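Chains as they are written, first to last, in our numbering: chain A, 1 to 182; chain B, 1001 to 1224.
In short, the hints are calculated from the structure, not lab data. Among the hints, erroneous ones may be present.
What the hints assert, rightly or not - Derived lysine-lysine pairs resembling DSS-like cross-links, with alpha carbons at most 25 Å apart:
1. A:K92 x B:K1095
2. A:K63 x B:K1095
3. A:K63 x A:K92
Claimed, not checked - Here's a subset of chain A near chain B, in silico, CB distances under 7 Å, partners left out:
4. A75
5. I87
6. F143
The structure displayed is predicted, hence computed values, not measured ones. Ideal Cβ positions, reconstructed from N, Cα and C, are used throughout, including at glycine.
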Amino acid sequence: MHGTGGEHEALIARVAQDRDRAAFAALFDHFAPRIKAYLIRLGATPGLAEDVTQEALLSLWRKAHLFDPAKAAAATWVFTIARNLRIDQIRKERRPQMDADDPLCEEPRGPEENLAWVQPEGRLRAALAMLPPDQARVIELSFFSDCPHSEIADRLGIPLGTVKSRLRLAMARLRTAMGDGA
Amino acid sequence: MSVRHHPGEELLLDYTSGAADEGVALIVATHLCFCTECRRTVALAEAAGGALLQETAPLAAGALDAVLARLDSFEGSDVRTEKWESTFPGRSSGKPRNDGTPSPLWSYLEDGLSGVRWRGMGPNLAFANLFRRGATRVRLLKGMPGADTGNHGHHGLEYTLVLAGGFTDETGSYAPGDLQMATPQTVHNPVADLGEPCINLSVTTAPLRFNGLVPRLAGKLFGF
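The following block holds chain A by itself, in its conformation from the complex (with noise of 0.2 Å):
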């Protein structure tokens, strides 16, 4: 499968491939709406997340070449440009993560890595609606509320360790959920 069913997927290939504008209005539209919610629940004006939002999708106008949609779908994509840009936009912090081409990550990179759960995000989404409500508020709030985990046991007026154990099974359900038994 890897994703290539998906709409979303071939339209972003569109836009690497082709510069296709109408593409590129397609997934404005659809995406678009959805970047500057997120960012607005994550406390920005909605000035500001309209302007993000704005940079947000100019990204994926000049990255759509960089999308592989045998590593994620285009949904998943689309949230780390949020995401980073976020960070790097609002938070004014760097965001570590691993490169590519650092030597120490390279060996297990194989098949196993290329992740059951690349697929169009239909699946996901069914199995997170299915997730017990105690443990998709969450996973909800760990995405939506900019808060880490100990805020967030604060928030909910419950232990830590409550919080650690519900994501822990939250992501297990997911995990069984997407066929990944590792």
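Following the hints, put chain B in place on chain A, whose structure we already have.
For chain B alone, kept in the frame of chain A given last:
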């Protein structure tokens, strides 16, 4: 390479979501260089982040046209050197190195791990400050084989990632790639293993609490 001490899933999610501050993100990213298993977890969490982008907020009128008008300015600009955004393979803003320095550290260590300018604390221990954000301090620590860092507790959290060599304390033994998290409840006395010098990446969110008088004074002096 088999890593035995991992960041918990909660720390991997803090890293994935961007909620972790830069120091914690740096130590998690560096752990990922050593650990396929945690890379897979982060990739799954990133996919969850993508799948959760469902709510929408309308863009300003004319936003698409404004962006379309800016696309031309990118044509011809060289983006071929840029890399994929996602966690693996990632993108480091530093100069690529081939000397065993993990890539998340490239932009913080101009001369790599071999070119660190160490400041000595006694004959067996040394440190180098990388950066500081609020109360969070990010440093490299080096212990010569057998070096004893002194019995200490913590006012906040102390994350320690082994980059080379290893150390042992009451909680176990730590080798390259292993991450230790100490909390205000942890009191420990790490000792560098025999063999090559132990080099750690350390992130603390508050000063350490040394229990002996001399270490306490030294800790104050060096800002620990």
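- Item | Hint check, I87 (chain A) versus chain B [nearest Cβ-Cβ separation less than 7 Å] | Cβ of I87 (chain A) sits 5 Å from chain B, so the hint holds.
- Interface hint compliance - A75 (chain A) to chain B, C-beta minimum distance less than 7 Å: holds, 3 Å
- Query: Is it true that the CA of K63 (chain A) sits at most 25 Å from the CA of K1095 (chain B)?
  - Reply: holds, 20 Å
- Within a Cα-Cα threshold of 25 Å, do K92 (chain A) and K1095 (chain B) meet the stated pairing? Given pair K92 (chain A), K1095 (chain B) holds - Cα atoms ~21 Å apart, limit 25 Å.
- Item | Straight-line alpha-carbon gap K63 (chain A) to K92 (chain A), limit 25 Å | Satisfied, since the Cα-Cα distance of roughly 21 Å is no more than 25 Å.
- Restraint check, 7 Å cut-off on beta carbons, for F143 (chain A) near chain B: holds, 5 Å
Every hint from the earlier list agrees with this structure, and none is contradicted.
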